[in-house]
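S.K.: Start from chain A and add chain B according to the hints.
Protein chains in written order, with my numbering: chain A, 1121 to 1235; chain B, 4 to 118.
Hints were generated in silico from the structure; no laboratory data involved.
Positions of the beta carbon are idealized from the N, C-alpha and C atoms, including for glycine.
Just to be clear, a hint being listed does not mean it is correct.
For each label pair, taking beta carbons as the anchor points, the in silico distance ranges come out as [said to hold, decoys possible]:
#1 A:Gln-1217 <-> B:Gly-31: 32 to 40 Å
#2 B:Ala-41 <-> A:Ile-1232: 19 to 27 Å
#3 B:Lys-81 <-> A:Asn-1151: 20 to 28 Å
#4 B:Asn-54 <-> A:Ala-1121: 21 to 29 Å
#5 B:Arg-18 <-> A:Asn-1178: 46 to 54 Å
#6 B:Arg-84 <-> A:Thr-1180: 44 to 52 Å
Each chain, written out:
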Amino acid sequence: AQTVTQSQPEMSVQEAETVTLSCTYDTSENNYYLFWYKQPPSRQMILVIRQEAYKQQNATENRFSVNFQKAAKSFSLKISDSQLGDTAMYFCAFMKQGGADGLTFGKGTHLIIQP
Amino acid sequence: GAGVSQSPRYKVAKRGQDVALRCDPISGHVSLFWYQQALGQGPEFLTYFQNEAQLDKSGLPSDRFFAERPEGSVSTLKIQRTQQEDSAVYLCASSFFGGTQNIQYFGAGTRLSVL
Chain A
1121 AQTVTQSQPE MSVQEAETVT LSCTYDTSEN NYYLFWYKQP PSRQMILVIR
1171 QEAYKQQNAT ENRFSVNFQK AAKSFSLKIS DSQLGDTAMY FCAFMKQGGA
1221 DGLTFGKGTH LIIQP
Chain B
4 GAGVSQSPRY KVAKRGQDVA LRCDPISGHV SLFWYQQALG QGPEFLTYFQ
54 NEAQLDKSGL PSDRFFAERP EGSVSTLKIQ RTQQEDSAVY LCASSFFGGT
104 QNIQYFGAGT RLSVL
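The following block holds chain A by itself, in its conformation from the complex (with noise of 0.2 Å):
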């Protein structure tokens, strides 16, 4: 089984600072992928980015970026030049290649964007 582990339940930054929330994963899996969803209070999960785990390569999405350490099981989200929309919960999670089995979440960390 894979866990997912977030230890950073809430996080508070002034707009425009750069950001980076922590996620690490257990698994005996070779092949997955990784995500960083967004769940703002209207509770609809928004996906951020995504890595595949045989790309060595870090996923960039604009603002936001990966750093994806695959022998420590690491996996963080960089937000550049934060805003306030990107205030919400964001989640790590886990999926083994196939996909049947469903996303593994971390518990999330509560971003908060301040003024």
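M.R.: Frame of chain A, contents of chain B only:
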């Protein structure tokens, strides 16, 4: 529709009542997942469909929980004889099976409150 649609958005049930939660996935998406999200926690996998076939129901917490997708499109999650511990947000997600993306798109969920 453009996204995953879930109804109702909110449901209040008296303990012992049966409830039915509906999920309308993105058109053409073969895979459909149900998750349960308790307050302050990350979502937990309940069950997975590929078209009309329920391939994994290992996450269903008891035999009071039942899911179906008879025509391979709309899915219904039914909870019989609801208990207070069933209070949670129930999220549905769909994905295009077979693609390299393996991205799950989520609905806004149904918040179930059992009194």
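S.K.: Between B:Arg-84 and A:Thr-1180, does the C-beta distance stay in 44 to 52 Å?
M.R.: holds (49 Å)
S.K.: Do the Cβ positions of A:Gln-1217 and B:Gly-31 conform to the proposed distance bound of 32 to 40 Å?
M.R.: violated (22 Å)
S.K.: Could you check the hint for me, namely that B:Lys-81 and A:Asn-1151 are 20 to 28 Å apart, CB to CB?
M.R.: Between B:Lys-81 and A:Asn-1151, where Cβ atoms are some 35 Å apart, the hint is violated.
S.K.: For the hint 46 to 54 Å, verify it against the beta carbon of B:Arg-18 and that of A:Asn-1178.
M.R.: holds (48 Å)
S.K.: Within 19 to 27 Å or not, the Cβ separation of B:Ala-41 and A:Ile-1232?
M.R.: holds (22 Å)
S.K.: Given a hint of 21 to 29 Å, does the C-beta separation of B:Asn-54 and A:Ala-1121 actually sit inside it?
M.R.: Since B:Asn-54 and A:Ala-1121 have Cβ atoms about 26 Å apart, the given range 21 to 29 Å holds.
Of the hints listed earlier, those the structure fails to meet are numbers 1, 3, in rising order.
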